[in-house]
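J.: Residues per chain, in single letters:
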Amino acid sequence: MINRIRTMSEPGTQSLESPPPGGGVSDARLVEAVRKGDHDAFGELVKRYEGRLMSVLLRFVRDRELARDLSQETFLRVYERLEQFDPSRRFGPWLFRIGVNLGLDYMRRRKRRLWPLLFSESRSETPPDPASADPRTQLDLEQEVRFVLEQIPEHYRTVLVLRDLENFSSSEIAAILNRKEATIRWRLAEARTRFEQIWRRRQAERSPEDRIAVPGDSEEETDHVDE
Amino acid sequence: MWMSKCQKYRQELALLVGQDLDMVAQVEAERHVATCPDCRVHLQSLRSGQQVLQQARTQSPSNVAEEASVWGGVSRQIRVLDERAGRANWRGWLPAVALAAACLTVTVITTDMLDPLRLNSSRTVGEMSGGSNTPQGLLAPNRTVSNPVNSQPLRVPLPTSDLQLNQPENESNWIPRRGDRPQRFNTGPFRSL
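Heads up: the sequence lines are chains A and B, in that order. Numbering of the first sequence is given in our numbering, commencing with residue 1 and proceeding in unit increments. Numbering of the second sequence is given in our numbering, commencing with residue 228 and proceeding in unit increments.
Note that these hints are calculated values from the structure, not bench results. Just so you know, nobody snuck in bad clues.
Calculated pairs, DSS-like style, for lysine-lysine (alpha carbon to alpha carbon, straight line, at most 30 angstroms):
#, chain 1, residue 1, chain 2, residue 2
1, B, Lys-232, A, Lys-180
2, A, Lys-180, B, Lys-235
3, A, Lys-180, A, Lys-111
4, A, Lys-47, A, Lys-36
Just a sample of chain B residues kept apart from chain A, beta carbon distances all over 12 angstroms, derived:
#, residue
5, Arg-314
6, Val-324
7, Cys-330
8, Thr-334
Note that the structure is a prediction, hence the values are computed from the model and not measured. From the three backbone atoms N, C-alpha and C, an ideal C-beta is built for every residue, glycine too.
With the rest of the complex left out, here is chain B:
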């Protein structure tokens, strides 16, 4: 019972030597030490050890204040970090920018490929609306060529066989789709025109 009480104070004595106890605990520990010879010896040893540490504290590590500041080196490395971070930010946007550019390119190309067909079709429909028995959706686009006999332009129908190669059967109102290849309009005998 007595020993356990001492054990309880041993820890407090180790704090007492470094002034790490509050006033109440300090007074209580000192009161115990005054009545316990073993704890008095223990406290004495702890104080010796504490004095060694105190002396080591004042001795070393010395002259830290004389060291040149590390800010120069830190500052340089911080700039490198910031540059890397800037590049990383830009790289973060890169996939989005690339995707947008790709979408834009596809849109432009698709529009370019489809526009001549639509223009030709609408013009042909307008011009051939009277007198022709060709179904509206299968109207062959005309090309205007100069007439060597008089100055009136000649209207030459494009070969419908070429058109029919590309269009699905039994569809009178065929509209070109993405997979279709309108370049084939330029094939045949009028390619050079």
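Bound-form chain A, shown alone:
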């Protein structure tokens, strides 16, 4: 069942294969020019992809300056490895693979660094004060989504972020993560299910007035497939 996949481009998906705005030179030609020593061609590639790359990296690292540094690092690595790039394949997914790997590596390193701090003896173990307001009430939707996403294992979370937050198609995610499309779809289904479960549990723990209202949630009751 899972292999009965949607092959056409999803609505609203920004395809990495789409021609550049204004009908400019294709990625393949620019790559060829860069290989011949044309720096300006690489500048064109950078300008073509930097916005989306920054956006993707921001989803992982949540720090604008850091995302900027990582995106710069990504382009440098791309430049260094351009000789290894197979021109018969798509440039965009290859670039995003390098960028996503950099972002994930950074997050793993940071997690390893933070882990001992979280469990160090110096950390104050003060129980929450029932009289004070729940700090979660100050979190907005974005922070709450981030919190829920962090509860999901990385290999599911990455697919969910790329598909549902960054709008990449399943085939593009498969190319970026170097996995079969069926694997990506399976992970996506699992990630959505887990996100929904954690989100629902979090909202149930909150008082009704603290729950985050999502537009369209109320009409959802009648909007499902009954007809």
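Given the coordinates of chain A, work out where chain B should sit on it, guided by the hints.
T.: Okay, now just chain B, sitting in the frame of chain A:
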């Protein structure tokens, strides 16, 4: 049996909420949902979660387009990389160039060291071919010095003892080899000449 059928559709419903199913699978999943109250509730929950994600997508991360381009920084670092690569290329040739230079130097030095001996030997052989009983290979090289009595140049044989110090015994046609030291020809009483 019924549950396993639902389990099979649970995964498809998670794809259905994001419009990730093809038309046939979508119709089939919707047909199942219409007949299964549990899956209907599950689909509803999945849609709620999907709406949260959709809203998060539109909210953040914002204003990425307003960020200044990273091309300036990338361009500077690329130039540094290229310079390093250029230097690395040159360094790659360095051992070969050094080896060639060393070979050339050795060749020049060896040639310089051997040439005077050959010249002297051949000249001596030519000039002393008549009347001398010295074996051809042991001919002592001559040196030409000015004669203070008349203007005729004097031919002074170099001491053969010096030559014999360097040549192997019982070899009449000795040819200098790399390890031999021809400088010793300049030793002895005629060194100042």
